[in-house]
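Peer 1: Full structure from sequences and hints, please.
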Amino acid sequence: MLTTKIKLTLSLVAATSLLAGCTSSNSDESADYQALVQQDISTFQTFFKNRFPDVEIEDYKNGVYAIDENARLQWEDIEEFPPYELEVDDGKVLYETPFANGKSYADCFGDGAVRKQYPQFDDKRGEVVTLELAINECREANGEKPLKYKKGNIAKLSAYMAFQSRGQIVAARVSSEGAYNAYMGGKEFFYSKRGQMNLSCADCHMRATGYYLRADVPSPAIGHVTHFPVHRSKWGQLGTLHRRYGGCNQNIRAKAFKPQSEEYRNLEFFQTVMSNGLEFNGPGSRK
Amino acid sequence: MRVKKVVIALLGFFIIAPLWAGEAEIEKGKNLIYTRTKGNCISCHMIPGGSLPGNFAPPLVQMKARYPDPDDLRKQIFDARIKNPQTIMPPFGAHKMLSEDEIDWLVEYLYTL
Numbered sequence: 664m665l666t667t668k669i670k671l672t673l674s675l676v677a678a679t680s681l682l683a684g685c686t687s688s689n690s691d692e693s694a695d696y697q698a699l700v701q702q703d704i705s706t707f708q709t710f711f712k713n714r715f716p717d718v719e720i721e722d723y724k725n726g727v728y729a730i731d732e733n734a735r736l737q738w739e740d741i742e743e744f745p746p747y748e749l750e751v752d753d754g755k756v757l758y759e760t761p762f763a764n765g766k767s768y769a770d771c772f773g774d775g776a777v778r779k780q781y782p783q784f785d786d787k788r789g790e791v792v793t794l795e796l797a798i799n800e801c802r803e804a805n806g807e808k809p810l811k812y813k814k815g816n817i818a819k820l821s822a823y824m825a826f827q828s829r830g831q832i833v834a835a836r837v838s839s840e841g842a843y844n845a846y847m848g849g850k851e852f853f854y855s856k857r858g859q860m861n862l863s864c865a866d867c868h869m870r871a872t873g874y875y876l877r878a879d880v881p882s883p884a885i886g887h888v889t890h891f892p893v894h895r896s897k898w899g900q901l902g903t904l905h906r907r908y909g910g911c912n913q914n915i916r917a918k919a920f921k922p923q924s925e926e927y928r929n930l931e932f933f934q935t936v937m938s939n940g941l942e943f944n945g946p947g948s949r950k
Numbered sequence: 002m003r004v005k006k007v008v009i010a011l012l013g014f015f016i017i018a019p020l021w022a023g024e025a026e027i028e029k030g031k032n033l034i035y036t037r038t039k040g041n042c043i044s045c046h047m048i049p050g051g052s053l054p055g056n057f058a059p060p061l062v063q064m065k066a067r068y069p070d071p072d073d074l075r076k077q078i079f080d081a082r083i084k085n086p087q088t089i090m091p092p093f094g095a096h097k098m099l100s101e102d103e104i105d106w107l108v109e110y111l112y113t114l
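In the order they appear, the protein sequences are chains A and B. Count the first sequence with the numbering used here and you get residues 664 to 950, in order. Count the second sequence with the numbering used here and you get residues 2 to 114, in order.
Worth double-checking, as some hints may not be accurate.
Covered stretches of chain A, going by a simulated chain B footprint (3 or more residues, C-beta under 8 Å) [as the list claims (entries may be wrong)]:
no.	stretch
1	850–864
2	876–883
Computed spacing ranges between beta-carbons, pair by pair [said to hold, decoys possible]:
no.	chain 1	residue 1	chain 2	residue 2	range
3	B	A95	A	G789	33 to 41 Å
4	B	K97	A	E759	36 to 44 Å
5	B	G23	A	R735	43 to 51 Å
6	B	G23	A	E742	52 to 60 Å
7	B	V62	A	D785	53 to 61 Å
8	A	E742	B	M64	53 to 61 Å
9	B	V62	A	N914	24 to 32 Å
Worth flagging that the hints you see were computed from the coordinates, not collected in a lab. C-beta: ideal position from N, C-alpha, C; glycine also.
Peer 2: Okay, here's the thing in structure tokens:
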């Protein structure tokens, strides 16, 4: 009993002094978090440089087609007449159609070329705000019902906005303690083994990337976020990034989280930071 | 005389019976290799006779020579983490994706490779 108490006190003392040490050295907080994260980015990107020495970093925006020569030729054919073209047009119409109150998405997002602002950590709210979340919040602020998050109109709007933003550079910032915690949450999710098959995102999208799992080649994790939403021939339509997250979780017989859950928003935040420096080139087409 | 016949018949049966069971088990094991909701070993391992194999994991060949003790093979399938805590191979037994029987059938089949 006594020893437990002493141990507890000791660990508390250790913890507080550690905390004190951290805060006192953090006079310029934001610079420190960004530096920590910068180290992660460079480790992560170096991993792929070593894994695929012939692939230029910029090319990872093309997902699996950056590393799979054969599949790439077919894909380039498909992109000549992109299957998402009509959906982007639909998205434009939705974007420009006024809400019941006379306002429209333009009152929230201007010309819609705002892809690079998302996901961002909102310090006041203490959470990650993704593009899809912001779209629904714009609707609700204008008295409209929120849209469902996996497919349909939200994917069309997000595709139109991604299209408007093509060429913007990914530059997610981690500049506060709150942002760093969200980032770390996403990082832990990415590397944790889960589900009946006991696999992590990193197992497939880092260790096994470039190999065949039956007939599928898992894409490199770098660049995962740049081209969403994607039109998959398997879906026959556009789907959001969180729809894909759910699919990959289910494939390993793990519980899928809700789209726009805190878990998936943090994961998207982490994945976006890891792709800093690449180009946004959504929407994309995939098989 | 009669007793002798019966004994021979019985003996014969006992010699053949395990062989019969073996054939069936081997076939069941083979099916597990290709069943997506069960073993699906082919998604990672090249296996002689299997089409569209994955290539992330070592090919499953010459199993008897490389795993003379069936228990080692059983352990690898039951929980690959014992040998390699970071392994990508799912812990089929430990996570109840395959039953003890099913793992035995797989071992039987792997020994024919």
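Peer 1: Now look at each hint and say whether the structure bears it out.
Peer 2: Going down the list of hints, with the structure as the test:
As drawn, the stretch 850–864 of chain A meets chain B at 4 residues by the rule of a beta-carbon pair under 8 Å; at three or more, the given contact holds. Three residues within the 8 Å Cβ limit are the bar, and the stretch 876–883 of chain A against chain B gives 3, so the coverage statement holds. Between B:A95 and A:G789 the Cβ separation comes to about 38 Å, which falls inside the hinted range of 33 to 41 Å. The supplied range of 36 to 44 Å is broken by B:K97 and A:E759, whose beta-carbon atoms lie about 53 Å from each other.
Separation of B:G23 from A:R735 is about 47 Å and conforms to the stated range, judged on CB atoms against 43 to 51 Å. For B:G23 paired with A:E742, a C-beta distance near 54 Å keeps the hint of 52 to 60 Å intact. Restraint check, B:V62 to A:D785: a C-beta distance of roughly 55 Å satisfies the suggested window 53 to 61 Å. The supplied range of 53 to 61 Å is broken by A:E742 and B:M64, whose beta-carbon atoms lie about 45 Å from each other.
A beta carbon spacing of about 27 Å between B:V62 and A:N914 agrees with the range 24 to 32 Å that was offered as a hint.
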